[in-house]
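K.L.:
Based on the sequences and whatever the hints tell you, model everything.
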Amino acid sequence: MFKQTNFISNSFKFITIIMLITWLIMPLIPLVFFSFSKGWVFPFLLPKYWSLNAWNYALSDTAGILESLWLTIFISLSVTILSILIGVPAGRALGIYKFKGKVFVELIILAPIIIPSIAVVLGIHSVFISIGLTNTIFGVIIVHLIPTVPYMTLVMSAIFSNFDADFEYQARSLGASSLKAFYYITLPAILPGVVIGGLFAFLVSWSQYILTLVIGGGKILTLPLLLFSFATSGRNDITGAIGIIYILPGIIILIFTTKYLSRRNVIGVFERI
Amino acid sequence: MTNVSIKNLTKVYQGSTVPSLKNLSLEINSGTLTSIIGPSGCGKTTTLKIIAGLINHTSGDVAFDGKSILKVKPEKRGAVMVFQNHLLFPYMNIHENVGFGLRMRNLNKTEINKKIIEMLELVRLPNIENRMPKELSGGEQQRVALARALIVQPKVLLLDEPLSNLDNHLRIEMRNLITDLQKKFEITTIFVTHDQEEAVEMSDKIALVLNGELEQFDQPENFFKKPINMKTARFFGCKNFINGISKNNKFMSSIGEFCLPKDLPSNGGFLILRPENIQIGKDDKNINTMKVKVIEKIFLGKQTRLKLAIKDEIFEATFNPNETKNLIEGNDIYVNIPPSCLWTIKN
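Residue numbers (my numbering), protein chains in the order written: chain R, 1 to 273; chain S, 1 to 347.
Because the hints were derived from the structure by calculation, they are not lab data. We put the beta carbon where it would ideally sit given N, CA and C, even for glycine. One thing to keep in mind: the hints can contain errors.
Below, simulated EDC-like cross-link-like pairs (lysine to aspartate or glutamate); rule was C-alpha separation at most 20 Å, straight line [to be verified]: (1) S:K76 x R:E106; (2) S:K73 x R:D166; (3) S:K205 x S:D167; (4) S:K307 x S:E296; (5) R:K180 x R:D166; (6) R:K180 x S:E75; (7) R:K180 x S:E96; (8) S:K134 x R:D164; (9) S:K226 x S:D204; (10) S:K291 x S:E276; (11) S:K134 x R:E106.
If the Cβ cut is set under 7 Å, some of the chain R residues that face chain S in the computed set are [said to hold, decoys possible]: (12) A158; (13) N162; (14) D166; (15) R172; (16) L174.
P.N.:
Okay, here's the thing in C-alpha cells:
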C-alpha cells in the first residue's frame, strides 16, 4: 500500500518534470541550434553545417545589438526603480490604512492590467506628442510604468496587509526616527515583496513591445523591437542569437532572487499576531 | 523622575462621531505607577498611544514636568511603550532586540553590550542573547520586551496590557517583576489593564475610565471603600445597592435602618454593601443586624458565595468557607454589617 502511493507520487513528479521541460526548455533548444548553424532546414533533425557567423555578427559593434542590450537594461532598471518608489508607498497605504473608496481605488489600479495597452497607448501617444515625450527614452520609461506600477502596488499592498504597523510604532517609541524605523524594521519585513514586485516590473518592462514601438517611434530600439525585425526578415540564425541574449537577464535575475520566492517569504516575517 | 499631567485630553477618531476619549485629566506623580483600568474599547490604549506620540490627539494637552510634549516627535519624548503583543523584532536576536533603543541613540558598542547583559539579568533571563524571539516562551518574550524598554531609561514607561497574553501563574510573577523594576528605577509608569485585581495589586493610583470618561482617580483601596458612583462600585465587584435616604448618620430603607459612620454626608441615594463586609452573627444584639434567609450557596474555593434575602431584596455576600460549613439553603441566619464598612452614593 505504502509502496503504491510512493509510486504514484513519484510518477506525478516525473510527469511534472517532463511537462516543465517540454514547455519551458524545449522551445529554447531550436534557438541554440539556429544561432550556431548555417542553414538548418526541414527535414534534418540537426543543422548540416555549424557556424559562429550569427554570434560574430550579434556581438560586433556594427550590428547595434549590444548597444540595444544596454539600452534595454537601462530602461528596464529605471522602470523597476521607479515602480518600487511608487508602488511601495501606494501599497503601504492600501495595505495598512482604511479609507473611504478604497475598493474603487483598488479597481482603478487594476485597470491598466485589464485594459489592453494598445487601447491606451494611442491616446497617450497624442498627449506625449504635444509635450514632446515621443521618441525619447524618458517617454518610453514613463509609458512602461503603466503596466508595471499596478503589479508592484498589488504585491506591496498584500505584503503590507500582513505587516503589523505596531512594529514601526514600537521602533519609534524606542527612539528610532521615522526614517530609521523604516530602514531597520519595515524594510527587512517587506524586502521579499519588493524583490518579487521588482522582478515582475523588470520582466514586464523587458518584454514590452507595443508601448516601446508606439512611444519610441521606432527610434528607441530595445531588444524585443530588434528581435522582431530580424525575425520578420527571415534571418533565423541572428534571431536565435538575439533570442538567447534576450532571455539571459531574466534567467539570471530569477536565479538571484529564488531565495525570496518561497511562500513563507512572500507572506512575510512580520505577520500580525 | 517625571510628572505627567494630562489635561482635558480628547480624541475623536476619523470617521467617528463619538469621542473615544472625553476630557480626560490626570495628574500623575513622579516615580509612581498609575493604572488606567476599564473594559476593552474604553479609550485606555488610545491614551497611551497619544502620550507615546503614535496617534494624534483631538484636543487637550499632555505635559511632562510642566512642558507640553504633544508637538515633540515620538522618538524624542522619552516615553517608551510596551505593547500587549511583545512585538520583538522577529529577525533580530535577543541581543539586538534589547540593544535596539541604545543603537538608535548611537552609544558605543562596549557600553551597549554591558548594559544589555545587566538588563537581561535584571529581568532574570541571563545568557539568552543569541537566541531568536521565536525560541522563547510567551513570558520570556514579554520580559525581553520589558528589558528592551527599560534599557533606554525612559522618563515615562507606558505598559499596554503587557500581561494579558500570559498564563495565570506567569502573570502573578510578572506583576512582581514589573513593580520591583519600576520601584528600582523610579520610573513614572502608566499601566493599562482591564484586570481589576492586577491594577489593585500593582498601582499607587488607579484611574477608572468607562466609555472614554474618567469615573474615579484614586488610591486602590478607595475604589472599594469609597466608590464615587454606582458604575465604579459595580466595576469593582459590588453587587448590593440599597435604595433609601440617609439622615443623621442613619440610612432608612425598605429593609430596615442602618447606622452609618459619622463622617458621611447626609443625602438620599444608595447604600453600598460590599459582599465581603457582611458578617455572620449569632443573635440580633449587634449593631446593624438583620435576619436573612439563605437562598443559594456556591463554593468558590477560597470563599463561599451566599445569596441572601430580606423581604423582597436579594443580595450577595462572601465568606470564609469555614464559617458557612453548616449552612444549607433555606436556613435563616443573622448577619451584621459594621457601620465603618458602609458607604453611600448619590442617586
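K.L.:
What hint numbers does the structure not satisfy?
P.N.:
1, 3, 11, 12, 13
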